[in-house]
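Below, each chain spelled out in residue letters.
2 protein chains.
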Amino acid sequence: MLQRTEMQGMNQNPGELMRGQARLFGAVEAGGTKFICAVGDESGALHAVSRFPTADPDSTLARVIDYFKVDCDDFTPAALGVACFGPVILERQSANYGFIGKTPKAGWSNTDVAARLAREFSCPVGFDTDVNAAALAEHRWGAGRDTRNLVYLTVGTGIGGGVLIEGAPLHGLMHPEIGHIYPRRHELDSNFAGVCPFHGDCLEGLASGPAILARTGSELEHLDAAHVQWEIEADYLGQLCAQLVLTVSPQRIIMGGGVMAERLFPLLRQRTLHWLGGYIDRREILSRIERYIVPPALSARAGVLGALCLAVDAGTRR
Amino acid sequence: MLQRTEMQGMNQNPGELMRGQARLFGAVEAGGTKFICAVGDESGALHAVSRFPTADPDSTLARVIDYFKVDCDDFTPAALGVACFGPVILERQSANYGFIGKTPKAGWSNTDVAARLAREFSCPVGFDTDVNAAALAEHRWGAGRDTRNLVYLTVGTGIGGGVLIEGAPLHGLMHPEIGHIYPRRHELDSNFAGVCPFHGDCLEGLASGPAILARTGSELEHLDAAHVQWEIEADYLGQLCAQLVLTVSPQRIIMGGGVMAERLFPLLRQRTLHWLGGYIDRREILSRIERYIVPPALSARAGVLGALCLAVDAGTRR
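Here the protein sequences line up with chains C and Y, keeping their order. Start counting the first sequence at 1; every next residue gets the next number (the working numbering). Start counting the second sequence at 1; every next residue gets the next number (the working numbering).
Next comes chain C alone, as it looks inside the complex (with noise of 0.2 Å):
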């Protein structure tokens, strides 16, 4: 169904489309690679999307400001959301809420996102990780819409999670960042020192894409299935997903990104059980995990999605 209506949307002047709406959203998805960005509506439909490349932050940003100001026919958002690759800022209070923090991706660390955006278009701004964000769209309109707390997990050029506790967002001291926990090595990939730049081996650095690749000079769904690769990555997603029922407790673990090829589903699943020893005595997980772990229902709109459930909330507080 959001697919049709994006679909519709997407053959439509978005300028059109805005006269006689009483509310329309601004959605950005800000990823290390592309910026997605969007104009939208409460129940989720996108009637107008654009794609490009990430560049340095000043033209980046500037591509944002003119995709809603000259391309949708000077666009007034009722509010805007940026779902956004972090580490992010994201503390209220602090003078920098609303940044990317120290990040390796180069010139953009330290950057102000929110505030620079709420300026330019004279409206509330929704901003969380892309992660975060793309968690809240599965739990609107996607795989986690039967629950209150959930994990959205993406397994690609990086591992990171976002967290929603009773519908919201979890922050904390910062956010989480799940994908640099450390699995316990698998006894066949002893030798691999991992790829994360920060920690070698711990689980970005041992079961995202680039890892894949630095072990097999392929990414894992060229593989075949008897590749002992498969086992391998299974192994550290389900001890991901074992830590995450121990620790964070969730209704429901959604698994995305480039990496999760469908096969991946039925191996981790079984290494989740195998990590959890029989302890957690819940039938969600011991008998019906096949609905527990699942993929998004949203596919690759999650994010964009996300950043408009950001819009949406921020536009509808108090």
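To be clear, the hints were calculated from the coordinates, so they are not data collected in a lab. Quick reminder that beta carbons are idealized off the backbone N, C-alpha and C, glycines included. Among these hints, one or two may not hold up.
So, partial list: chain Y residues that the calculated Cβ filter (under 10 Å) puts toward chain C [claimed, not checked]: (1) P87; (2) L150; (3) I165; (4) G172; (5) L173; (6) E177; (7) H180; (8) I181; (9) P183; (10) H186; (11) R215; (12) G277; (13) Y279.
Footprint (simulated), chain Y over chain C, 3 or more residues, beta carbon under 8 Å [as the list claims (entries may be wrong)]: (14) 129-143; (15) 247-258; (16) 278-291.
Model the placement of chain Y on the given structure of chain C, informed by the hints.
Okay, now just chain Y, sitting in the frame of chain C:
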């Protein structure tokens, strides 16, 4: 201050104290080894406290009821709170809400606790894990007063953790079972199988009091400061704290329990920093970790005061 009030209260007849006071609550810390019952008020003052060993469910719960009805002169609580050893059933829509679930504690699996006490006293009953309750108490009156999100850990006979998010205990699918995550094995501890009946060498299997006793024949605090067990224990607990920073993102970690000797804190804080590898760029961790990972302020009273928090909250809900 709390301690003084408790002492005053314990020298007086609880029945007398209740007269003329508007709202007094019953608090029950239900532990696997001992139960603590108390009468208290919304300020955290305990006016009467009684401890007795945990026996079978029927006689133990009968003793709880007798304490309030007989010892406390037919005390009528505004509400009761039960901080319970687990696992426990916390889903309000479950037919078994307020039960202890499948537990290794002989005879206690599938025991109704909350509904039984609610029927007996005709009052609201707040019910949660012992560690979630202790987290509440430390948040309200102890070492977490200036936070919204915190983790309370106990390292003793077992290892458990309670998580507070925006001041409320985290439940989700069940509740956290933090003690059963798997740390990486310390290189000087590769031959010890671990003592967890479910997992062998999970954290509880490697770093609980019984694990230390199994390795060394001694409690940690009686081992020489140069004994390698200090280093091993600090490393495992440092991994625990690092994992929690990355998954739950607490604003403080409070660590209590019989194993948590004072000299363990600086050692495990260093190991936490080691495992985080500079990735979490927050001054709370990088510059002030001695204020980030701290002992409880309420010491051994965190549990019963947590039960009091549950009672107060149950009595003021809606």
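task = Determine which of the earlier numbered hints do not hold for this structure and return their numbers in increasing order.
result = 10, 11 and 14
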